[in-house]
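**Q** Okay, here's what each chain looks like letter by letter:
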Amino acid sequence: MQPTSSQDMIVLENVWKIFGYNADEAMAAIKERNLSKNDVLAEFGCVVGIADCSFSVRKGEVFCVMGLSGSGKSTMVRHLNRLIEPTAGKINVLGRDMLALNDADLRAMRAREIGMVFQHMALLPHRTVRDNVAFPLQIRGESKAKRWEVSQRCLAMVNLEGYEDRFPNELSGGMQQRVGLARALASDPDVLLMDEPFSALDPLIRRQLQDQFMELSQKLHKTTVFITHDLDEAIRIGDRIAIMKDGRIVQIGTPEEIVTQPADDYVRDFVEGISKLKLVFAHSIMVPISEFKPDRGQKLDKAPRASHAASLDALIDISATTTHPIVIHDDDGKEIGVVDKTTLLKGIQGGKA
Amino acid sequence: MTEPADKNHLGASIDTFAVSKTTFYRREFTRIQEAEGIVLSWNSMAAIFGPLWGAMRGIWGFFWVFLVLEMFALVQIGRGLWGELGGDKLERYERLSANIAKREAQAAELLAAGDAAGAEGKLKIATNLKKAAETALLEAQEAAQQATTVLLIGLSLLLLVKLLEGFYANHAYERQYLKWRSNPRIQSGTSVKGVIWGLVLVFCILPLTLIRFTVVKTDETLSAFTGGLLGDRLPMTEFPVGKEYFTILAAHGDEGFDWLANRFGGVFDGITHVIRSVLNAIETLLIGTPWPVVMVVIVVAAFRLAGIRIAIFTAAALAYLAFMGLWEISMITVALIGTGAFLCILLGIPLGIWFGKSQRAYKTAEPVLDFMQTMPAFVYLIPIIAFFGTGKPPGVLATLIFAMPPVIRLTALGMRGVPETTKEAALAFGCSRRQLLWNVELPLAMPSIMTGINQTILMSLSMVVIASLIGAEGLGALILEALQYAAKGQGLLGGLAILFCAMVIDRVAQGAYKKNQD
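For the protein sequence lines, the chains are A and B, in the order given. My numbering puts the first sequence at residues 1 to 353. My numbering puts the second sequence at residues 354 to 871.
Don't read these hints as lab results, they were simulated from the structure. Not one of these hints is a red herring.
Partial pick of chain B residues on the chain A-facing surface, computed with a CB cut under 7 Å:
1) T774
2) T775
3) A778
4) A781
5) F782
6) G783
7) C784
8) Q788
9) P796
A short, non-exhaustive set of chain A residues, derived as facing chain B with CB atoms under 8 Å:
10) N81
11) L83
12) A108
13) R110
14) A111
15) H120
16) P136
17) I139
If you anchor each label on the Cβ, the simulated ranges turn out as follows:
18) B:T774 / A:S290: 55 to 61 Å
19) A:L345 / B:T774: 46 to 52 Å
20) A:S199 / B:R769: 23 to 29 Å
21) B:V646 / A:S143: 38 to 44 Å
22) B:R662 / A:S143: 37 to 43 Å
23) B:T774 / A:Q212: 20 to 26 Å
24) A:Y266 / B:L790: 40 to 46 Å
25) A:A100 / B:T774: 27 to 33 Å
26) A:Y266 / B:T774: 25 to 31 Å
27) B:T774 / A:R96: 24 to 30 Å
28) B:D368 / A:Y266: 40 to 46 Å
29) B:W413 / A:G273: 56 to 62 Å
30) A:E32 / B:L790: 40 to 46 Å
Even for Gly, the Cβ is constructed at its ideal location relative to N, Cα and C.
Let the sequences and hints guide you as you build the complete structure.
**A** Here it is in structure tokens:
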């Protein structure tokens, strides 16, 4: 395990979760004999929810966990605030060993440091929007005036002013989820856990909420773990993405890494349908300038320039206006490579030169 | 044969199911399945062997139905063949004849002694008896002549049953086959074990039943057959046990109750005391306070809680009670119900919460709750009298037993109906268990709890008459009195008074709840 930097807000080390009566025996057997998920089910009647998960999330980062249903992603996120106890492993949030916390400390941690948004909103139907948002503060024993003030501010953040005195069932699904988000922000936590928050919404509303969330996220710099089953969403929102399958993390990387270097066939299948235009950048497809052999009559000094971090999308825009290849320079302005039309088309096609 | 592939597969599965006679069943099942209306499909084996065929093929519904039908037909045949039709009449004739002979002998004696008038009387009796005896004899002969008819009816019944068996068997077996396809544990093929069981059952049931219904002196006949084993030593017409065990156990029960009453007298007195103090407080409130105050408060409360219409209804109901001169005893009744309902809610809601949270506790308590609701009230009135004596507090206790289950059940139901996701969200924001209960679970369970409270109140009301049996005063006692003297008018007016009390409480509670919902 690489040394964790002080910037790491969440660190998971070799976390396992096994459901069933013989969980501990099954765990021991797995460590000794390296059993597979099916072996464990057959031998101990236990279901492996999470298998040997390790990752760390840096301060202010949006860390997406992507997987299909049953891949253990929702189970995994519930370990971070110990709604589910792990069978083995270490969980460290904000520098504190979560598993060593007693009940009171754990509750304090949940009420102050870790906010959570749920797929099915889980608002309290008998409370107004205002009181729903204020709920975490009420739990902490704050005064009514303080609760309402914070509630007002958080509702403003999600553009829900004017709905304070409504009840949740009077709001649309998208609005309800914004209330859920406001509630998670109300206690001003350092860590946000989002369990498929937009999955139950229709595509248009989902996109709006994604935009709104990204805007908020840039403003507030909350360290976020974002669960989703939608790779498009993960790529749009995530700084880094972890892909889970059968309780294991298959690959962790930036969206570009995931798209350009899928770790196995499973990930490759996912990535196949994803548009690469905004995910693949010039440095991934360019031909180094030393190896470039210009056609007759082509002069690179007339060619347009682009940064090595320009996306394929941007390169297509440039290429459409000229017959020349594009010269790629690095951050210091040094010319390091060339992208001509052939390279560009191949890049669009495969994501890789 | 060139059947489509899937049909072949179906046929193969019919073969696997039927095991023997596969071609026959394959053909008949196909016919049944392809028919659009009713189809006649004959099974000779089933017709011949009847219930035993069903036992062999594992169709026990067929076995039982046709066993009973065949038995009925056989009993008729038995009655026709050897049954002493009119046997009871013949017996009566013989008895009467003996009596006549006795009277005639007595008359002869009296005549010899010179008492002509006495002899005359005896002879008159004998003549009357003779008439009766002749009628009996005539009836007996008539009945005996019907033997042939009964026999014929029996035979045609048997034939009908056999036809039914034959035509019904394949349909029943086809249904069994369809069930077997989705549940392979259902019997397929033929089973020797089934036949043996079928035979055992037939031999246990058929002969005894046949004898019982075709022979007049069942036990004597049986004892003649079995050398006194059945019939004499073990009578068949009634179970050879009297009330011996019952008496012993009842005596022990008495002792047990007495012991408990002595041993825990203090506890019972304590409970009585608590109930009495609640009862006194409510009674003082309702009766001690001047009646105009109570009436105004009730009507205003109804108006505030449930609106103008229910307030008018309440005022009318109260006026009825007052003008019938039932005001005081109505308030006594309401105090009784109020105490019962109050205690039900006080104990029932915490219990309901507990049962809602703990599946195991609920499983344990469920039979007790069923018992409390289904046991007739009279049964637990007896131990209540033994432990708590008579009067109002035991009446309240009887009400508690009957009326508490709904509030417990509905509270538990409401608690379990709180969505897991909502509870999880609350926990994720750092709720303690107590905060979860007060802020999330109870508010969300409230509709169900309110229904429970309402039901409990109404069930308390239905207990007032029964509670009056053990000396609880009030409207119930009025009705009980009316019942004892068959005083129809009093009963009707008292019944209306109870009805109005119930409706006022129910309407106000429901109205208040609906108003809250809006």
